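Undergrad: If you read the sequences in order, they're chains H and Y.
Each residue of the first sequence is one higher than the one before, starting from 233 at the first, in the numbering used here.
Each residue of the second sequence is one higher than the one before, starting from 20 at the first, in the numbering used here.
Just so you know, the hints here were simulated from the structure itself, not pulled from any lab data.
Note that this is a predicted model, so its numbers are computed, not measured.
There's no promise every hint is true.
[As the list claims (entries may be wrong)] Okay, derived cross-link-like pairs now, BS3-like style, lysine-lysine, Cα gap no bigger than 30 Å in a straight line: (1) Y:K202 / Y:K231; (2) Y:K262 / Y:K61; (3) H:K399 / Y:K262; (4) H:K414 / H:K399; (5) H:K414 / Y:K262; (6) H:K414 / H:K337; (7) Y:K61 / Y:K143; (8) H:K399 / Y:K202; (9) Y:K202 / Y:K143.
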Amino acid sequence: MNPQSLVRSMYPLLGVIVILALWQLYTWLSGISPLVLPSPVEIAAVSIKRYDLLLQQTWPTLVETVLGFFLALLIGIPLAVFVANSRLFNLVLYPILVATQSIPKVAIAPIILVWFGLGISSKLALAFLVAFFPIVVDTATGLQATPPGLLELAHALCASRRQVFFKVQMPAALPFIFAGSKVAITLAVIGAVIGEFVGSVNGLGNLVLAANSQLDGPLAWAALVWLSALGILLFAAVALTERLVMPWERAAQH
Amino acid sequence: MIDSAVQREPGHRKPDGRAFASSANSPQRAFGRFTNVHKAFKRPGQVPLVAIDNVSFDLHAGQLISLLGPSGCGKTTFLRIAAGLISKTSGVVEINQAEVERPQPDFGMVFQQPNLMPWRTVLKNVLFPIEIQGDADGGAVQRAADLLSLVGLSGFEHSYPLQLSGGMQQRVALCRALVNQPKLLLMDEPFGALDELTRMEMQDLLLNIRAKTGATVMLVTHSISEAIYLSDNVVVFSPRPAKIADFIAIDLPYPRRPETRYAPEFTEFEHRAGRALGITR
Chain H
233 MNPQSLVRSM
243 YPLLGVIVIL
253 ALWQLYTWLS
263 GISPLVLPSP
273 VEIAAVSIKR
283 YDLLLQQTWP
293 TLVETVLGFF
303 LALLIGIPLA
313 VFVANSRLFN
323 LVLYPILVAT
333 QSIPKVAIAP
343 IILVWFGLGI
353 SSKLALAFLV
363 AFFPIVVDTA
373 TGLQATPPGL
383 LELAHALCAS
393 RRQVFFKVQM
403 PAALPFIFAG
413 SKVAITLAVI
423 GAVIGEFVGS
433 VNGLGNLVLA
443 ANSQLDGPLA
453 WAALVWLSAL
463 GILLFAAVAL
473 TERLVMPWER
483 AAQH
Chain Y
20 MIDSAVQREP
30 GHRKPDGRAF
40 ASSANSPQRA
50 FGRFTNVHKA
60 FKRPGQVPLV
70 AIDNVSFDLH
80 AGQLISLLGP
90 SGCGKTTFLR
100 IAAGLISKTS
110 GVVEINQAEV
120 ERPQPDFGMV
130 FQQPNLMPWR
140 TVLKNVLFPI
150 EIQGDADGGA
160 VQRAADLLSL
170 VGLSGFEHSY
180 PLQLSGGMQQ
190 RVALCRALVN
200 QPKLLLMDEP
210 FGALDELTRM
220 EMQDLLLNIR
230 AKTGATVMLV
240 THSISEAIYL
250 SDNVVVFSPR
260 PAKIADFIAI
270 DLPYPRRPET
280 RYAPEFTEFE
290 HRAGRALGIT
300 R
């Protein structure tokens, strides 16, 4: 990291420190109950003290999220290929996709639970459902946005359809696929937590509910902190993959 | 580098296109023959738009021929028909004794934009045609490296296109078009997007490459001086629909140098082309 970007990353950190300090000050001065609003110090203390419990509950949420995300990639990308390349598929499928997407996932969560039960599959299904849409839409957009000059070049070289797809369209769509994936991975965490809220036996979402019902405010907040850390880490993992898969994007900036 | 361009048979230089002089007096059959090429675009509810109106001329092996004309006159459409990228309404395009009706794997194409793939390195971009068509003689990588060195891009093999300037990118595109040793190099306003100095540099580079490879080149331009500086023959197109307004044999000797642009003969050719285009009287 060069000094410039180090300085840049100090700004959001400064904002976080100021907010935490004000929060801490407020809890001291107002004497508010830790069940309603625990202080940052308390939350940090619990996050570290109950480290084994939190880690143990992070694992199922992580698995649900990641599997749901990969399932969305696995089904979303081929579907996007059909939507982008076939007018019929586009006309038939796209409105249905948009329509299903407008259904609030929280509202269908109970139905998913009935279908898939209390185990991991219902959470996986919900994570998949929310992650799926941005992947399909962005991938289809990317495939349709192949620069016409490159398509003409391939045409002039007598490239086969297969060659055009794998050597031109797909690489050209990569930035779009990653943009969709970054949205999808953060949504997948939300999907998994919705699933855990509606009915589950473990996971960080389950822990938030359980701690709340036991009037353990600091633990509920600690679970929240872990949950957001999980979201940030997963996002960073996708962003890192993007940098590794598309080295030319970074090269262009130098 | 000088000699191959100069030594090509002067007997192939004819004063005019085949519309004016029959190919019967040519000792051998021309490399490329365009006969009554006609193109009309259908328009719903209207009469078809004629873009090219019965154009005929010959192209000889090793020649550099320019299609010169005002913007929108149909010269690019003509080049695309010659490339087999779009269909013609009627007429015959025959290149290397085969009729051209679809894209030909042994043609090279340079577009106005470099059209490089940002995800490929310079070398991989140059090798793209080989990846599509296969490496017939196994010498493609060496050829790509030689071409890159010829255009002054040695050391940039593993750079990405976005790290290069516009002129460098167009040089990569030129190498890509030449890597499969095309029988015919087609260029659609290849230097149109470049600044004047880079453009003149690229023109000398093209002449140099042509002299070294002996490639047959057909180039579209709307620059009178570019057409004259580069070409053996200039086909001057009229405004749409494109008809041959003049067919000018540029008998300035190769190699041409920047001073050539200031020779009195050069100016005369410019006047003649200007008259054909209706710019001067």
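Undergrad: Decide, hint by hint, whether the structure agrees.
TA: Verification of the supplied hints:
For the hint pairing K202 (chain Y) with K231 (chain Y), the CA-to-CA distance comes to about 14 Å; that is within 30 Å, so the pair holds. A distance of roughly 19 Å separates the Cα atoms of K262 (chain Y) and K61 (chain Y); the hinted pair therefore holds under the 30 Å criterion. Between the alpha carbons of K399 (chain H) and K262 (chain Y) the distance comes to roughly 39 Å, so the proposed pair goes past 30 Å and is violated. For the proposed pair K414 (chain H) and K399 (chain H), the alpha carbon gap of about 24 Å is at most 30 Å, so the pair holds.
Between the alpha carbons of K414 (chain H) and K262 (chain Y) the distance comes to roughly 55 Å, so the proposed pair goes past 30 Å and is violated. As the CA atoms of K414 (chain H) and K337 (chain H) are separated by approximately 19 Å, the hinted pair is consistent with the 30 Å bound. Straight-line distance between C-alpha atoms of K61 (chain Y) and K143 (chain Y) comes to about 40 Å, which puts the hinted pair past the 30 Å bound. Under the criterion of a C-alpha separation no larger than 30 Å, the hint pairing K399 (chain H) with K202 (chain Y) is consistent with the structure, at around 25 Å.
Among the hinted pairs, K202 (chain Y) with K143 (chain Y) is consistent with the structure: their alpha-carbon atoms are about 22 Å apart, no more than 30 Å.
Of the numbered hints stated above, those contradicted by the structure are hints 3, 5, 7, listed in ascending order.
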